[in-house]
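Chemist: The residues making up each chain are set out below.
There are 2 protein chains.
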Amino acid sequence: MNSLPVSFSKKAIRTPESPISQFMELALSSPHLISLAAGMVDGGSLPAGPIASAVSSILNDPKTARAALQYGTTQGYGPLIGHIVEHVAKLDGKTPKELGVSVKDVLVTTGSQQLLYMLSELLLDAGDIVITESPSYFVYHSVLAGNGTRVLTVPMDDDGMITDELDILLEKLDRAGELQRVKLIYTVDYFQNPTGLTLSLERRKHLVEIVEKYAKKQRILILEDAAYRELRYEGDELPSVKSFDPKNQHVIYAGTFSKPCAPGLKTGYALMPNELIEPMVRLKGNHDFGSNNLSQHIICKLLETGDYSRHVEYLRGVYRQKRDAMMQALDAEFGDWLGVYWTRPKGGMFVWLTLPAEIETSPGSKFVKAALKEGVLYIPGEFGHVSESGHVPKNEARLSFGDATPKQIHEGMQRLRKAADSVLKTEAMASGAA
Amino acid sequence: MNSLPVSFSKKAIRTPESPISQFMELALSSPHLISLAAGMVDGGSLPAGPIASAVSSILNDPKTARAALQYGTTQGYGPLIGHIVEHVAKLDGKTPKELGVSVKDVLVTTGSQQLLYMLSELLLDAGDIVITESPSYFVYHSVLAGNGTRVLTVPMDDDGMITDELDILLEKLDRAGELQRVKLIYTVDYFQNPTGLTLSLERRKHLVEIVEKYAKKQRILILEDAAYRELRYEGDELPSVKSFDPKNQHVIYAGTFSKPCAPGLKTGYALMPNELIEPMVRLKGNHDFGSNNLSQHIICKLLETGDYSRHVEYLRGVYRQKRDAMMQALDAEFGDWLGVYWTRPKGGMFVWLTLPAEIETSPGSKFVKAALKEGVLYIPGEFGHVSESGHVPKNEARLSFGDATPKQIHEGMQRLRKAADSVLKTEAMASGAA
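Note that the protein sequences, when read in sequence, are chains R and D.
Residue numbers for the first sequence follow our numbering, so the first one is 288 and each next one is one higher.
Residue numbers for the second sequence follow our numbering, so the first one is 288 and each next one is one higher.
Treat the hints with care, since some could be wrong.
Put simply, identical chains are the same to the list, so a pair is met inside one copy or across any two.
Unchecked claim - Think about it this way: if two alpha-carbon atoms lie no more than 30 Å apart in a straight line, the pair counts; the simulated BS3-like pairs of lysine-lysine are:
| hint | residue 1 | residue 2 |
| --- | --- | --- |
| 1 | K504 | K391 |
| 2 | K350 | K660 |
| 3 | K694 | K384 |
| 4 | K694 | K660 |
| 5 | K534 | K350 |
| 6 | K297 | K391 |
| 7 | K492 | K350 |
| 8 | K297 | K500 |
| 9 | K712 | K503 |
These are calculated hints, taken from the structure and not from any lab test.
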């Protein structure tokens, strides 16, 4: 007897395959590959020593051991939340009060990814609208697709999301009577994933003004995904979008300890308008009634001892070198090639590469196959785009200098150039033969 | 200017407040209270030593440190998954092959709670039907409420869910043409939360026969929540419901390391029909792309060294004593009282107490207030019931011997008796005055 089919939900059917996890598994399982694809952090600088000390100090004291190994509360570990508020305020050069937030406005999550997921559940019914930058973070697009959300996009330039274009889009939606469906504007405003671009100071302010201007019967919220904020290698610290919302009404600020500390601790957090906390905690109670408690205690200890900020300082040096290596390698391998462009990020882990239109970077393309054959992996740029907004460029790629060493970055870029050359060569042969 | 309202999703509006997290917070913030309420584990026996050794061994080797602190894969840490398959098969006295499962059928989750949440997302559209035992696990009811799921229930006796009643219910649904909406049967089949009752051997077999009988166009799946399985204090190991599904088609087996090891590691897992894995991994990619990696490495190490099974053995002795203390205290305090009943669990952490009908146990009731005044906390039984299925008893309570010491259990039960007496006394005075 054949087995009967399983009947899946609409959400399951809508949820697309995640390109990221596929590429991460490829990278993990093929050590000979140089991965410029996945958003992994630098392996060599992971703070094993400080984390080992923190764990040993927590677990050697029966009282703290008991607290860290037992269930915690759904909102998060109280002392950690205290540190988070101080930490974010300090990044903005403000007191928590000046920033408009307190410990009552924080939720600890399983990485900032869980915050993105849960916030979408909290606000969005199928058919509701989220506006994102174009291109934007792949996995967030998957979340929205699973939710049945309508995604509209705003183009970017070197100063990040072009907020004047957002203004025009909202104006159009208003005229079309669709403003009520717009729930959220999403921006990765520091060293964006996938482009490496940063939202300028003026536009940060403008963004808050725009949502104030268009919100009529209900709020239009801003999700500020600041995952890469602390990985800054040059330039001054820019104030958060959140800092232009001193009454804590418009902006959800999402942060993480994965990028600046250790992804294996999978701990993120958000500061948000207080009315969102109680319903978020209800939702999180159903998800898992609180994120990993031991990891929360570890991070709290690292923040307390100063090990965390020392590590971030050290990390900036490590990544600065790798960013520089990638810039040099791109200059060396693609500098001679008119029609090839790339971003020059001041922080984060990503560079956005635009190839000539004839080199298609899509999954399954000749170029991706040639790159794999040469032994290098990138993320096809089209994953960063969504189709409703029209044209999806097919000649872009996200390159990461997160995990690869400077030597691997140089080698990887040579392989990428070889792959590009081989594609052009076969194209030329094919057109010659035709 | 007053601020505009936030517009929440249907799901957020449907998601109820979690009684459990509220009671947990009360217990955590009021150390003078004796909590017989929350499902916390015994604090004194948490395996701080073995976990500290595991962490130190992982983090002192640069290679394993790097693997544990970096991102992992969405499905879970490979070597841990290998141990999980062996572990569950061993509990059933079988090889993995005999049990019908392999490492390809496992997903690691953030506690088994996340599995319950994600499986509901995977299978259920609003209006779909899940059948649970009555009473059943409070937080799962919240998940289903958030989903807009229709919950139907089957009564229990000392042998757990009365499967003949399930048969009758499905027969009725079939006649009503509603069988297509039935997606899942949920059972906490070992030392149930909240009653402490266990599903008998015959009914385990019967349960699988029933879903095979009624599934016509699509499968009716069984979610076997085995969270308390390893906390067994008397009697023989019972085979899992999963073991009656050797082709791995009908049963999702959910396990956890929270109860038998440490909730602070927040690591659970599920063995499931293979067709579910790929869509579950897609969903989990959106949630968090994989649960806490360090915790997975820690548990893997504990399973490897044998520290895990030694700890479970030790834990059984600790909880057996506390279970016995609660049985003695109930006999001592309520043994003289006709009309008071309680279950006698052979494992787990919970006892189900039924008081005379005139003592209402609801939140806000005189009894709950009197108990708080005396300094003892329980979970009102009505949280375990859902209303569509008709009558909700108001005179039941869930008592936990998880966190309290034997001494606190005795003291707590004395306080509970005092509270009951004081309610009866004021009732009698009130009716005397009337």
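Chemist: Next, verify each hint and record whether it holds.
Modeler: Each hint, compared with the structure:
| no. | hint | verdict |
| --- | --- | --- |
| 1 | K504 <-> K391 | within (26 Å within a copy, 50 Å between copies) |
| 2 | K350 <-> K660 | between (55 Å within a copy, 27 Å between copies) |
| 3 | K694 <-> K384 | neither (46 Å within a copy, 46 Å between copies) |
| 4 | K694 <-> K660 | within (19 Å within a copy, 68 Å between copies) |
| 5 | K534 <-> K350 | neither (38 Å within a copy, 47 Å between copies) |
| 6 | K297 <-> K391 | between (35 Å within a copy, 24 Å between copies) |
| 7 | K492 <-> K350 | neither (46 Å within a copy, 45 Å between copies) |
| 8 | K297 <-> K500 | between (35 Å within a copy, 26 Å between copies) |
| 9 | K712 <-> K503 | neither (57 Å within a copy, 57 Å between copies) |
Of the numbered hints given earlier, the model fails hints 3, 5, 7 and 9; all others are met.
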